[in-house]
Amino acid sequence: MGGIVLDCERNLRWLERLAGLLAEQAGPLTELDAAIGDADHGINMERGFNAVKERVLAQAAGKDLGTVLKQVGTTLVSTVGGAGGPLYGTFFLRMGQSADGKSELDARELRDALAAGVEGVRQRGRAQPGEKTMLDALVPALEALDAALAAGSDNRAAWEAAARAAEEGSRATVPMLARKGRASYLGERSIGHQDPGATSSALLIRSLAEVVG
Amino acid sequence: MGGIVLDCERNLRWLERLAGLLAEQAGPLTELDAAIGDADHGINMERGFNAVKERVLAQAAGKDLGTVLKQVGTTLVSTVGGAGGPLYGTFFLRMGQSADGKSELDARELRDALAAGVEGVRQRGRAQPGEKTMLDALVPALEALDAALAAGSDNRAAWEAAARAAEEGSRATVPMLARKGRASYLGERSIGHQDPGATSSALLIRSLAEVVG
Amino acid sequence: MKKLVNRPEDVVRESLQGLGAAHPDLVEVHLDPHYVVRAGAPVAGKVGLVSGGGSGHEPMHAGYVGRGMLDGACPGEVFTSPTPDQIYECTKRVSSGRGVVHIVKNYTGDVMNFEMAAEMAQGEGIEIRSVVINDDVAVEDSLYTAGRRGVGATVLAEKLAGARAEAGGSLEEVADVVRKVNDHARSMGMALTSCIVPAVGKPTFDIGDDEMEIGIGIHGEPGRQRMKLEPADQIVDRLLEPILDDLGARPGERVLAFVNGMGGTPTIELYVVYRRVAERLRQRGLTIERSLVGSYITSLEMAGCSITILRLDDELVSLWDAPVVTPGLRWGA
Amino acid sequence: MKKLVNRPEDVVRESLQGLGAAHPDLVEVHLDPHYVVRAGAPVAGKVGLVSGGGSGHEPMHAGYVGRGMLDGACPGEVFTSPTPDQIYECTKRVSSGRGVVHIVKNYTGDVMNFEMAAEMAQGEGIEIRSVVINDDVAVEDSLYTAGRRGVGATVLAEKLAGARAEAGGSLEEVADVVRKVNDHARSMGMALTSCIVPAVGKPTFDIGDDEMEIGIGIHGEPGRQRMKLEPADQIVDRLLEPILDDLGARPGERVLAFVNGMGGTPTIELYVVYRRVAERLRQRGLTIERSLVGSYITSLEMAGCSITILRLDDELVSLWDAPVVTPGLRWGA
Ligand SMILES: Nc1ncnc2c1ncn2[C@@H]1O[C@H](COP(=O)(O)OP(=O)(O)O)[C@@H](O)[C@H]1O
Ligand SMILES: Nc1ncnc2c1ncn2[C@@H]1O[C@H](COP(=O)(O)OP(=O)(O)O)[C@@H](O)[C@H]1O
Ligand SMILES: [Mg+2]
Ligand SMILES: [Mg+2]
Ligand SMILES: [Mg+2]
Ligand SMILES: [Mg+2]
Numbered sequence: 001m002g003g004i005v006l007d008c009e010r011n012l013r014w015l016e017r018l019a020g021l022l023a024e025q026a027g028p029l030t031e032l033d034a035a036i037g038d039a040d041h042g043i044n045m046e047r048g049f050n051a052v053k054e055r056v057l058a059q060a061a062g063k064d065l066g067t068v069l070k071q072v073g074t075t076l077v078s079t080v081g082g083a084g085g086p087l088y089g090t091f092f093l094r095m096g097q098s099a100d101g102k103s104e105l106d107a108r109e110l111r112d113a114l115a116a117g118v119e120g121v122r123q124r125g126r127a128q129p130g131e132k133t134m135l136d137a138l139v140p141a142l143e144a145l146d147a148a149l150a151a152g153s154d155n156r157a158a159w160e161a162a163a164r165a166a167e168e169g170s171r172a173t174v175p176m177l178a179r180k181g182r183a184s185y186l187g188e189r190s191i192g193h194q195d196p197g198a199t200s201s202a203l204l205i206r207s208l209a210e211v212v213g
Numbered sequence: 001m002g003g004i005v006l007d008c009e010r011n012l013r014w015l016e017r018l019a020g021l022l023a024e025q026a027g028p029l030t031e032l033d034a035a036i037g038d039a040d041h042g043i044n045m046e047r048g049f050n051a052v053k054e055r056v057l058a059q060a061a062g063k064d065l066g067t068v069l070k071q072v073g074t075t076l077v078s079t080v081g082g083a084g085g086p087l088y089g090t091f092f093l094r095m096g097q098s099a100d101g102k103s104e105l106d107a108r109e110l111r112d113a114l115a116a117g118v119e120g121v122r123q124r125g126r127a128q129p130g131e132k133t134m135l136d137a138l139v140p141a142l143e144a145l146d147a148a149l150a151a152g153s154d155n156r157a158a159w160e161a162a163a164r165a166a167e168e169g170s171r172a173t174v175p176m177l178a179r180k181g182r183a184s185y186l187g188e189r190s191i192g193h194q195d196p197g198a199t200s201s202a203l204l205i206r207s208l209a210e211v212v213g
Numbered sequence: 001m002k003k004l005v006n007r008p009e010d011v012v013r014e015s016l017q018g019l020g021a022a023h024p025d026l027v028e029v030h031l032d033p034h035y036v037v038r039a040g041a042p043v044a045g046k047v048g049l050v051s052g053g054g055s056g057h058e059p060m061h062a063g064y065v066g067r068g069m070l071d072g073a074c075p076g077e078v079f080t081s082p083t084p085d086q087i088y089e090c091t092k093r094v095s096s097g098r099g100v101v102h103i104v105k106n107y108t109g110d111v112m113n114f115e116m117a118a119e120m121a122q123g124e125g126i127e128i129r130s131v132v133i134n135d136d137v138a139v140e141d142s143l144y145t146a147g148r149r150g151v152g153a154t155v156l157a158e159k160l161a162g163a164r165a166e167a168g169g170s171l172e173e174v175a176d177v178v179r180k181v182n183d184h185a186r187s188m189g190m191a192l193t194s195c196i197v198p199a200v201g202k203p204t205f206d207i208g209d210d211e212m213e214i215g216i217g218i219h220g221e222p223g224r225q226r227m228k229l230e231p232a233d234q235i236v237d238r239l240l241e242p243i244l245d246d247l248g249a250r251p252g253e254r255v256l257a258f259v260n261g262m263g264g265t266p267t268i269e270l271y272v273v274y275r276r277v278a279e280r281l282r283q284r285g286l287t288i289e290r291s292l293v294g295s296y297i298t299s300l301e302m303a304g305c306s307i308t309i310l311r312l313d314d315e316l317v318s319l320w321d322a323p324v325v326t327p328g329l330r331w332g333a
Numbered sequence: 001m002k003k004l005v006n007r008p009e010d011v012v013r014e015s016l017q018g019l020g021a022a023h024p025d026l027v028e029v030h031l032d033p034h035y036v037v038r039a040g041a042p043v044a045g046k047v048g049l050v051s052g053g054g055s056g057h058e059p060m061h062a063g064y065v066g067r068g069m070l071d072g073a074c075p076g077e078v079f080t081s082p083t084p085d086q087i088y089e090c091t092k093r094v095s096s097g098r099g100v101v102h103i104v105k106n107y108t109g110d111v112m113n114f115e116m117a118a119e120m121a122q123g124e125g126i127e128i129r130s131v132v133i134n135d136d137v138a139v140e141d142s143l144y145t146a147g148r149r150g151v152g153a154t155v156l157a158e159k160l161a162g163a164r165a166e167a168g169g170s171l172e173e174v175a176d177v178v179r180k181v182n183d184h185a186r187s188m189g190m191a192l193t194s195c196i197v198p199a200v201g202k203p204t205f206d207i208g209d210d211e212m213e214i215g216i217g218i219h220g221e222p223g224r225q226r227m228k229l230e231p232a233d234q235i236v237d238r239l240l241e242p243i244l245d246d247l248g249a250r251p252g253e254r255v256l257a258f259v260n261g262m263g264g265t266p267t268i269e270l271y272v273v274y275r276r277v278a279e280r281l282r283q284r285g286l287t288i289e290r291s292l293v294g295s296y297i298t299s300l301e302m303a304g305c306s307i308t309i310l311r312l313d314d315e316l317v318s319l320w321d322a323p324v325v326t327p328g329l330r331w332g333a
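Chains A, B, C and D are the protein sequences, given in the same order. Okay, so the first sequence: first residue is 1 according to our numbering, each after it adds one. Okay, so the second sequence: first residue is 1 according to our numbering, each after it adds one. Okay, so the third sequence: first residue is 1 according to our numbering, each after it adds one. Okay, so the fourth sequence: first residue is 1 according to our numbering, each after it adds one.
What the hints contain is simulated information worked out from the structure, not anything from laboratory work. Ideal placement from N, C-alpha and C gives every residue a C-beta, glycine not left out. There could be a bad hint or two in this list.
Said to hold, decoys possible - Per label pair, the in silico range of CB-to-CB distance:
{"#": "1", "chain 1": "B", "residue 1": "Glu168", "chain 2": "C", "residue 2": "Gly285", "range": "24 to 34 Å"}
{"#": "2", "chain 1": "C", "residue 1": "Lys202", "chain 2": "D", "residue 2": "Gln225", "range": "51 to 61 Å"}
{"#": "3", "chain 1": "C", "residue 1": "Glu9", "chain 2": "D", "residue 2": "Val317", "range": "51 to 61 Å"}
{"#": "4", "chain 1": "B", "residue 1": "Ile191", "chain 2": "C", "residue 2": "Gly123", "range": "39 to 49 Å"}
{"#": "5", "chain 1": "D", "residue 1": "Gln234", "chain 2": "C", "residue 2": "Gly252", "range": "28 to 38 Å"}
{"#": "6", "chain 1": "D", "residue 1": "Gln234", "chain 2": "B", "residue 2": "Arg108", "range": "32 to 42 Å"}
{"#": "7", "chain 1": "D", "residue 1": "Glu173", "chain 2": "C", "residue 2": "Gly97", "range": "21 to 31 Å"}
{"#": "8", "chain 1": "B", "residue 1": "Asp146", "chain 2": "C", "residue 2": "Asp245", "range": "20 to 30 Å"}
{"#": "9", "chain 1": "D", "residue 1": "Gly45", "chain 2": "A", "residue 2": "Gly62", "range": "11 to 21 Å"}
{"#": "10", "chain 1": "A", "residue 1": "Arg156", "chain 2": "C", "residue 2": "Asp237", "range": "33 to 43 Å"}
As the list claims (entries may be wrong) - Cut-off 30 Å, straight-line C-alpha distance, at most; resulting in silico cross-link-like pairs (DSS-like, lysine-lysine):
{"#": "11", "chain 1": "A", "residue 1": "Lys102", "chain 2": "A", "residue 2": "Lys63"}
{"#": "12", "chain 1": "D", "residue 1": "Lys2", "chain 2": "C", "residue 2": "Lys228"}
{"#": "13", "chain 1": "C", "residue 1": "Lys228", "chain 2": "D", "residue 2": "Lys202"}
{"#": "14", "chain 1": "C", "residue 1": "Lys2", "chain 2": "D", "residue 2": "Lys228"}
{"#": "15", "chain 1": "B", "residue 1": "Lys53", "chain 2": "C", "residue 2": "Lys228"}
{"#": "16", "chain 1": "A", "residue 1": "Lys53", "chain 2": "A", "residue 2": "Lys63"}
{"#": "17", "chain 1": "C", "residue 1": "Lys202", "chain 2": "D", "residue 2": "Lys2"}
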């Protein structure tokens with residue numbers, strides 16, 4: 001558990017993989033948003049991560065982890081818009097603050113950075129798990145990670161558990177009644193659809209799980 | 001040839017039959033107008049003849065032929081609108097003026113009344129046969145009527161010839177290039193479609209042919 | 001047929017009633033026969049200005065009744081010229097003794113019905129000047145047709161002649177402004193979708209999902225050609241070139257650029273169109289001195305646009321800037 | 001996708017460029033980040049008024065920049081809230097030292113982005129008042145949701161608060177007008193057809209040829225219910241009853257009636273709708289003292305309408321009548 005689970009190179013691989021997944025899934029994410037929102041979540045995330053690739057990843061050489069993650073956060077804040085922009089922006093800003101000045105994170109430090117990001121989303125959006133939002137993927141992921149690490153799993157296994165929990169969490173939003181965000185305006189009619197933000201959050205955790213180890 | 005071919009009762013039957021035909025054919029006439037005009041000819045004619053039924057035919061008892069026909073003309077002028085209103089209005093006004101004060105018309109008088117109506121259309125619209133208008137049904141009808149009467153046909157046969165000539169005339173508008181009215185704006189693209197006004201004019205002659213004799 | 005209407009046969013009447021209810025300070029609506037006059041008509045000592053045509057082009061014409069524009073408007077059935085008695089009654093109602101100018105779009109029906117109304121009004125001693133608008137370059141001009149259709153220039157003529165009448169212009173002066181606008185303006189339109197006449201209940205024309213009609217008329221009449229959909233900039237170029245060629249505008253001249261929506265096209269797209277219009281006119285050395293962007297002469301819910309370019313001189317600029325207070329066009333007061 | 005656009009990703013920028021080209025006398029367009037300010041901003045000694053939101057609702061908001069209305073507008077991508085840096089830059093640009101009011105529609109994204117921008121501006125010493133608009137009665141109000149959506153009342157708040165700011169009102173007074181409008185206005189909308197987000201290229205929702213959506217949001221969000229199409233009068237009644245019930249307007253009160261088109265609905269239909277609105281309000285004993293009919297807060301090319309009723313008092317009436325000179329709303333000057 002004392003080893004390095006995320007370094008600068010893996011961090012870039014994570015962000016590039018996430019950008020790729022979001023570009024690939026932009027259509028389906030937007031479809032989910034069309035059902036209970038305004039049909040832009042995939043487009044917004046893709047636009048934001050295209051800017052991240054151009055403005056941050058292409059210039060990341062020699063920068064520490066914290067700096068890169070904070071730049072991802074400010075880039076998302078200024079290019080995504082909508083609810084996703086401030087929420088994902090805050091997620092990466094807080095993660096970057098948690099990793100401030102560091103070029104390598106061990107298992108505990110990465111866990112703390114994730115927790116800081118999740119807490120940022122919670123504060124910015126004033127939501128709770130169970131309200132059909134990003135938090136319904138992020139919070140189970142964090143809990144599964146903690147449980148696995150506490151049970152002595154190795155990092156790969158622990159992050160695999162986190163990614164699965166995020167995916168299950170996003171699927172578990174289907175029967176939920178939305179209580180935050182645009183979907184909450186639908187009341188009962190929000191039931192039966194998977195939340196787009198929870199779905200993109202599961203991609204975030206999955207891509208991170210792919211690079212740690 | 002000296003007999004009465006149109007009296008007040010037949011005149012009303014003609015106008016009622018024409019109103020019925022126009023109501024029945026309103027859809028097809030409008031379709032023809034959609035192809036080379038503005039999709040209203042059938043609707044306009046039906047609206048006008050509904051007004052004729054209400055305002056003229058329902059009150060026609062005791063009125064002479066000329067009066068009724070002139071009232072049809074003014075009613076059409078004030079209810080049809082478009083090109084059809086002034087043209088059909090003028091047709092009936094002139095026919096009525098030709099039959100002024102009369103309650104019965106013999107073959108010659110009816111022929112003259114028709115000729116007066118056709119001449120009114122020609123003057124009002126400043127068109128010639130061959131320009132893809134009402135005149136392409138009306139003028140052949142008048143010519144066929146004259147020819148048949150000159151050849152000694154009986155009235156029924158002469159008017160049957162007129163009705164056929166009007167129908168052939170309206171079909172003959174298909175290959176014509178429109179040179180008057182809204183269809184003329186299409187230039188070459190007006191070719192290949194039957195003129196709506198010629199088609200409704202053929203109904204006018206046909207319904208008249210059905211009652212004379 | 002997806003429309004906010006009750007019975008199709010009541011659309012024109014009910015819409016006029018709504019107009020009257022919404023703008024009692026500006027207009028007075030008369031029914032049977034239908035016409036709309038400026039509140040307080042006739043205006044003493046003023047030349048009257050009357051226009052009209054089929055309904056379905058709103059706000060034209062009834063929406064342009066008011067101070068600095070029309071004294072009266074005669075709405076026919078949808079896409080059907082008004083009848084002579086409407087025009088005659090309206091003309092009498094706005095006449096203050098100095099004569100009345102009729103602005104007539106060049107459609108056989110409009111021309112004939114206005115002609116009959118003018119004869120009736122003249123019979124009552126009202127002096128009439130009728131000016132026919134025929135600015136649509138989509139229709140090849142020819143001695144052998146009814147000429148060109150009247151479209152976007154009508155709106156500009158109503159505004160500009162209305163300003164001249166408001167300023168005390170004589171019958172001939174007001175008619176001259178209409179003639180000048182017609183001489184100095186050219187238009188062309190295009191459609192992405194068809195309109196649906198309420199009484200018909202289905203599209204006037206069929207058009208493929210990837211097609212557009214270039215040179216469309218304001219009643220959904222076919223235009224120059226049916227072709228594959230293109231980016232906005234190319235569409236603008238297709239409309240603008242024939243307009244500018246026909247207008248013969250030379251570098252250094254000042255123009256008014258009017259980008260008009262057909263009824264179903266939203267404002268965001270009209271400004272995308274305007275952007276290219278401004279770019280092209282600059283490239284041709286023309287100065288846009290005034291502009292108008294919006295849905296001012298429509299074809300029911302048709303999606304598409306038209307462009308009208310008017311050559312300006314000092315007189316027209318000052319008439320354009322004069323106050324206008326109508327339901328559909330308003331500034332300066 | 002039948003739209004007058006070039007590349008979908010350029011629609012917002014190109015439309016803003018068109019707006020700037022068409023109205024250089026009224027507005028100044030800034031790109032990257034995108035915002036629109038009144039020509040000559042900041043106005044010395046005047047409280048600033050800024051709004052913004054996703055694009056696709058034109059003329060709102062950028063079309064309401066100008067004298068007597070907004071000092072600045074921040075257009076996001078289509079249907080996507082603007083970003084904090086846009087709002088921050090715009091706010092700085094219009095600030096003359098007396099503070100800036102933010103008018104924010106109640107959508108999570110708008111609220112969060114404006115919140116972050118306000119924090120940034122306050123960090124620079126600019127005093128900010130943010131007022132959230134939430135007038136849409138289609139959404140059942142509940143402690144357990146993000147509340148009601150902001151719709152038609154936004155346009156009225158921008159006009160009325162703009163008049164108060166123009167007249168020299170203090171930061172608190174201007175914010176108070178926005179609060180008052182929000183308290184005294186209720187809205188509800190409906191759709192006949194879906195809008196198409198340019199980047200998506202297909203309709204946001206599917207709807208049958210004989211169906212309508214009652215309580216639609218301005219981004220095509222589903223509303224209260226999907227049902228069979230009805231005549232306009234019945235549709236009006238369906239929208240108006242919940243509005244009036246929620247508003248609690250009593251006989252004898254004066255109101256402003258605002259009939260809004262969603263972008264694809266032509267003016268002729270809006271007046272058919274207005275006719276019934278006027279009739280029903282009269283039956284309920286309410287007096288329509290002012291009205292607004294047109295497409296002022298749209299959802300791209302969606303066909304449909306919304307109704308907003310605002311209770312009036314003398315203050316609001318005089319603010320309404322004050323001059324306004326913007327690309328999208330103009331009178332009195
Ligand atoms: N208050 C909130 N807290 C956490 N997540 C939220 C909140 N509001 C919305 N979301 C998330 O944002 C997603 C929608 O994002 P997006 O479509 O980009 O923004 P918008 O709703 O402004 O169009 C939702 O699916 C939901 O997961
Ligand atoms: N100048 C004219 N002379 C004779 N008939 C004409 C003339 N112009 C048009 N028409 C006839 O009018 C018909 C169209 O009538 P209608 O659809 O009622 O009027 P509009 O073209 O105004 O919509 C055409 O089919 C044609 O037969
Ligand atoms: Mg969304
Ligand atoms: Mg026709
Ligand atoms: Mg017609
Ligand atoms: Mg959005």
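Verification of the hints:
1. B:Glu168 to C:Gly285: 24 to 34 Å: Since Glu168 (chain B) and Gly285 (chain C) have Cβ atoms about 57 Å apart, the given range 24 to 34 Å is violated.
2. C:Lys202 to D:Gln225: 51 to 61 Å: Violated, at about 27 Å.
3. C:Glu9 to D:Val317: 51 to 61 Å: Hint violated: Cβ distance 38 Å, outside 51 to 61 Å.
4. B:Ile191 to C:Gly123: 39 to 49 Å: For Ile191 (chain B) and Gly123 (chain C) the Cβ distance comes to about 41 Å; the hint holds.
5. D:Gln234 to C:Gly252: 28 to 38 Å: violated, 58 Å
6. D:Gln234 to B:Arg108: 32 to 42 Å: This hint is violated: roughly 59 Å between Cβ atoms.
7. D:Glu173 to C:Gly97: 21 to 31 Å: For Gly97 (chain C) against Glu173 (chain D), whose Cβ atoms are near 52 Å apart, the range 21 to 31 Å is violated.
8. B:Asp146 to C:Asp245: 20 to 30 Å: This hint is violated: roughly 50 Å between Cβ atoms.
9. D:Gly45 to A:Gly62: 11 to 21 Å: This hint is violated: roughly 49 Å between Cβ atoms.
10. A:Arg156 to C:Asp237: 33 to 43 Å: For Arg156 (chain A) and Asp237 (chain C) the Cβ distance comes to about 59 Å; the hint is violated.
11. A:Lys102 to A:Lys63: holds, 10 Å
12. D:Lys2 to C:Lys228: Given that 30 Å is the threshold and the Cα spacing comes to 11 Å, the pair holds.
13. C:Lys228 to D:Lys202: Holds - the C-alpha atoms of Lys202 (chain D) and Lys228 (chain C) are around 18 Å apart, at most 30 Å.
14. C:Lys2 to D:Lys228: holds, 11 Å
15. B:Lys53 to C:Lys228: violated, 48 Å
16. A:Lys53 to A:Lys63: holds, 15 Å
17. C:Lys202 to D:Lys2: Roughly 19 Å separates the two Cα atoms, so the pair holds.
Hint violations for this structure: numbers 1, 2, 3, 5, 6, 7, 8, 9, 10, 15, all remaining hints satisfied.
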